[in-house]
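From first to last, the protein sequence lines stand for chains A and B. Using our numbering, read the first sequence as starting at 436 and increasing by one per residue. Using our numbering, read the second sequence as starting at 1283 and increasing by one per residue.
If you're looking for bench data, these hints aren't it; they were derived computationally from the structure. Note that this is a predicted model, so its numbers are computed, not measured. Any given hint could be a false lead.
[Said to hold, decoys possible] Computed far set for chain A versus chain B, every beta-carbon distance over 12 Å:
#1 E441
#2 R448
#3 F451
#4 E479
#5 E495
#6 I500
#7 D501
#8 L502
#9 T503
#10 T516
#11 V518
#12 L522
#13 T557
#14 D564
#15 T572
[Claimed, not checked] Derived coverage of chain A by chain B (criterion: at least 3 residues anywhere in the stretch with Cβ under 8 Å from a Cβ of chain B; other residues may be distant):
#16 530–543
#17 546–553
All residues carry an ideal CB built from backbone N, CA and C; glycine is no exception.
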Amino acid sequence: MNPLGEHERAAIREVFAGLERDVPILLELGPEEAPVTVLAGGREIDFGDETRLLLEQLAELSDRIDLTVTETENPGQWPKTTVAGALVYHGLPWGYELTTLVGAIVEAGRAAPSLSPASLETLASLERDVALEVYVTPT
Amino acid sequence: MLLAYRCALASERVTAAAVEATEFSAAADRHGVVSVPAIVANDRLAWVGSVPEAAFVDHVRRVSKSLP
């Protein structure tokens, strides 16, 4: 599988040209709950391999992106992609969710926050930690 | 999802992770996720659906104020 076509690469390269800061990406691979899934049409897909290929292609599109890949034998929600040490994606960011991953890279590459001053003020006043998990699907 | 990431970048009190619901269906089932986007905050299903930035941040504020 070739995750990104030429048209997509060109569009993403243009978006990444606006990165103002370096963006490290860590991909962690390990034993998966469903190692191979059969898609409609009979094609098999390995989420870990596909994620690695996708991230390698994205990293080629900007000198600002530095990709590190590690592997573990421990159970967990693999593949796990962490952008800039903070923005996590569990699974293969395919289909519509490619936009989420690209967006995470763009957000991490900004020199200044993109939220409104009112939102930043509210977040600065939080009394306890909040762990957000957003369940998504590729379509 | 991007709003969650923006909040995590703006506040050390917020962490944000996307979870692909079909790959990790056991976790999605455990949280009662039946449609997406579904936002689980501090291990509880907090709200479902996309909302504007102000509403999203207000949800986060209310979760932060609630007792564990």
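Outcome of the hint check:
With a least CB separation of 26 Å from chain B, A/E441 remains clear of the 12 Å interface cut-off, as annotated. With a least CB separation of 20 Å from chain B, A/R448 remains clear of the 12 Å interface cut-off, as annotated. Remark: the non-interface label on A/F451 is consistent with the geometry, its nearest Cβ contact in chain B lying 16 Å away (cut-off 12 Å). Annotated as non-interface, A/E479 keeps its C-beta farther than 12 Å from every C-beta of chain B; the closest such distance is 14 Å.
Non-interface status of A/E495 relative to chain B is upheld: no Cβ of that chain comes within 12 Å, the nearest being about 23 Å off. Distance to chain B confirms A/I500 as a non-interface residue, since its nearest Cβ pair spans about 16 Å, more than 12 Å. Every CB of chain B lies more than 12 Å from the CB of A/D501, the least distance being 18 Å, so the non-interface label holds. With a cut of 12 Å on Cβ distances, A/L502 stays outside the contact zone with chain B, its closest approach being about 18 Å.
Every CB of chain B is more than 12 Å from the CB of A/T503 (nearest about 18 Å), matching its label as outside the interface. Interface exclusion of A/T516 from chain B breaks down, the closest Cβ pair being 9 Å apart, not more than 12 Å. Not every CB of chain B is more than 12 Å from the CB of A/V518 (nearest about 8 Å), against its label as outside the interface. With a minimum CB-CB distance of about 5 Å to chain B, A/L522 fails to clear the 12 Å threshold, and the non-interface call is violated.
Distance check on A/T557: its Cβ comes as close as 5 Å (rounded) to a Cβ of chain B, failing to clear the 12 Å threshold; non-interface status is violated. Not every beta carbon of chain B lies more than 12 Å from that of A/D564, the smallest distance being close to 5 Å; the non-interface claim is violated. Residue-level check failed: A/T572 sits 5 Å from the nearest beta carbon of chain B, not beyond 12 Å. Counting residues of the segment 530–543 of chain A whose beta-carbon sits less than 8 Å from any beta-carbon of chain B gives 6, enough to reach three: the coverage restraint holds.
Here the segment 546–553 of chain A counts 5 residues with a CB under 8 Å from a CB of chain B, which clears the bar of 3, and the coverage holds.
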